[in-house]
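2 protein chains.
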Amino acid sequence: MQTSLLQKMIEQLQCLPGVGPKTAQRMAYHLLQHKRQAGTELANTLATGLAEIGQCKQCRNYTELELCDICTNSRRTQNTLLCIVESVSDLAAVEQSGHFSGRYFVLHGCLSPIDGVGPQELGLSQLEEVLASDGSDPSKPLVEEVILALNPSVEGEATSHYIADICKSNNVAITRIAHGIPVGGELEMVDTSTMSHALMGRKQF
Amino acid sequence: MQTSLLQKMIEQLQCLPGVGPKTAQRMAYHLLQHKRQAGTELANTLATGLAEIGQCKQCRNYTELELCDICTNSRRTQNTLLCIVESVSDLAAVEQSGHFSGRYFVLHGCLSPIDGVGPQELGLSQLEEVLASDGSDPSKPLVEEVILALNPSVEGEATSHYIADICKSNNVAITRIAHGIPVGGELEMVDTSTMSHALMGRKQF
Ligand SMILES: [Zn+2]
Ligand SMILES: [Zn+2]
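Those sequence lines, one after another, are chains A and B. Taking full-length UniProt numbering, the leading residue of the first sequence gets 1, the next gets one more, and so forth. Taking full-length UniProt numbering, the leading residue of the second sequence gets 1, the next gets one more, and so forth.
Hints were generated in silico from the structure; no laboratory data involved. Check each hint, because a few of them may be wrong.
No distinction is drawn between identical chains; accordingly, a pair holds when it is met within one copy or between any pair of copies.
Said to hold, decoys possible - Straight line, CA to CA, 25 Å or less: simulated DMTMM-like cross-link-like pairs of lysine to aspartate or glutamate:
| id | residue 1 | residue 2 |
| --- | --- | --- |
| 1 | Lys8 | Glu41 |
| 2 | Lys140 | Asp191 |
| 3 | Lys57 | Glu41 |
| 4 | Lys22 | Glu41 |
| 5 | Lys8 | Glu157 |
| 6 | Lys168 | Glu186 |
| 7 | Lys8 | Glu144 |
| 8 | Lys35 | Asp115 |
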């Protein structure tokens with residue numbers, strides 16, 4: 001028997017995280033029954049988004065432009081704090097706390113030699129360029145302090161130490177977000193109030 | 001600030017049932033990070049599926065063809081049982097029990113005058129045509145017994161009585177699936193074993 005379009009829809013919806021066969025089936029029926037228009041718009045946005053969204057040239061945040069919203073926001077380029085996160089989800093978690101108005105750098109991972117993730121995969125030479133700026137070029141704003149907001153894992157620690165060395169050789173202060181994030185917990189799951197405390201209580205690294 | 005493509009993705013993913021802002025965000029990041037290829041295929045399938053999947057001319061099951069897989073399956077057209085369900089999800093639930101090898105008729109709802117759902121919206125004239133066949137035309141197989149597999153709601157009961165009248169005037173026997181489905185429960189949530197019992201123990205309506 002040939003695979004029907006409906007079967008294909010149900011199968012492919014399972015590429016979404018947390019979506020198994022039952023949920024995928026419910027989604028497909030729901031779209032067909034009630035949301036043809038909205039589902040079609042979603043399909044177009046997904047196709048365009050997945051083709052066009054890349055990484056910000058400066059901070060590796062997701063954007064379809066050369067530079068992201070944050071890197072081109074003049075209120076934020078005047079701020080000399082740079083928060084380093086493992087993922088864009090973590091960036092969003094820090095943003096949602098409302099307690100940070102500096103810029104970011106997104107590693108998209110952590111050092112993990114076993115998985116073949118080294119300094120290059122994390123864009124650390126790009127980070128070095130960001131930190132090397134003396135602020136004379138307005139397109140390369142000054143960074144005076146790096147705030148590490150990495151997960152408290154073994155890889156996160158190793159990555160923190162590696163970045164600390166880059167900061168030292170560029171005379172940039174380095175801190176880490178404070179206790180408040182449960183060890184073993186996931187940064188992106190933290191509530192905004194805990195995240196605020198962690199940002200306020202940051203310590204010398 | 002202009003809406004970014006990523007924001008559009010997160011917003012539009014919420015047209016999926018059970019997907020709120022947090023889940024939509026996680027889905028968007030997951031696709032961007034790990035599933036660009038699969039996500040793009042999903043987008044194409046959704047666009048095609050939502051444009052092309054319509055209702056089977058005979059049973060109103062979802063299909064991109066004129067007739068669905070079930071209506072064109074010769075093993076099933078030889079079977080003179082016709083199971084009437086409210087939705088394609090309910091059809092799938094009966095199929096998964098593995099205890100039914102007849103055909104279906106999908107109402108896509110229940111009689112509900114307040115919501116403007118009358119016999120026409122449920123395709124009951126189409127059902128009447130199916131039941132009127134004397135089996136001499138191989139493209140219109142004979143139906144000897146209708147099995148009602150509607151939810152035990154007020155609307156389900158009203159609809160059952162309406163269909164019973166159509167069956168009587170066409171000399172088609174009518175039964176309903178047996179106890180086993182909890183009253184007030186949703187048919188599509190029933191486990192396959194309960195569904196099997198309900199089909200086996202069907203009674204004269
Ligand atoms: Zn940026
Ligand atoms: Zn059919």
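Hints and how they fare:
1. For a Cα distance limit of 25 Å, the shortest separation of Lys8 from Glu41 qualifies both inside one copy, at 19 Å, and across copies, at 10 Å.
2. For the identical chains of this complex, Lys140 and Asp191 are neighbours neither inside a copy (32 Å) nor across copies (61 Å), given an alpha-carbon limit of 25 Å.
3. In the homo-oligomer, the alpha carbons of Lys57 and Glu41 never lie at most 25 Å apart, since the shortest distance is 29 Å inside one protomer and 27 Å across protomers.
4. Proximity of Lys22 to Glu41 under the C-alpha cut-off of 25 Å is found in both arrangements, the shortest distances being 23 Å within a copy and 20 Å between copies.
5. For a Cα distance limit of 25 Å, the shortest separation of Lys8 from Glu157 qualifies neither inside one copy, at 43 Å, nor across copies, at 35 Å.
6. For the identical chains of this complex, Lys168 and Glu186 are neighbours neither inside a copy (28 Å) nor across copies (63 Å), given an alpha-carbon limit of 25 Å.
7. In this assembly of identical chains, Lys8 and Glu144 lie within 25 Å of each other by CA distance neither inside one copy nor across copies; the values are 52 Å within and 34 Å between.
8. Taking identical chains as interchangeable, the C-alpha atoms of Lys35 and Asp115 lie at most 25 Å apart only when they sit on different chains, with a minimum of 18 Å there against 41 Å within one chain.
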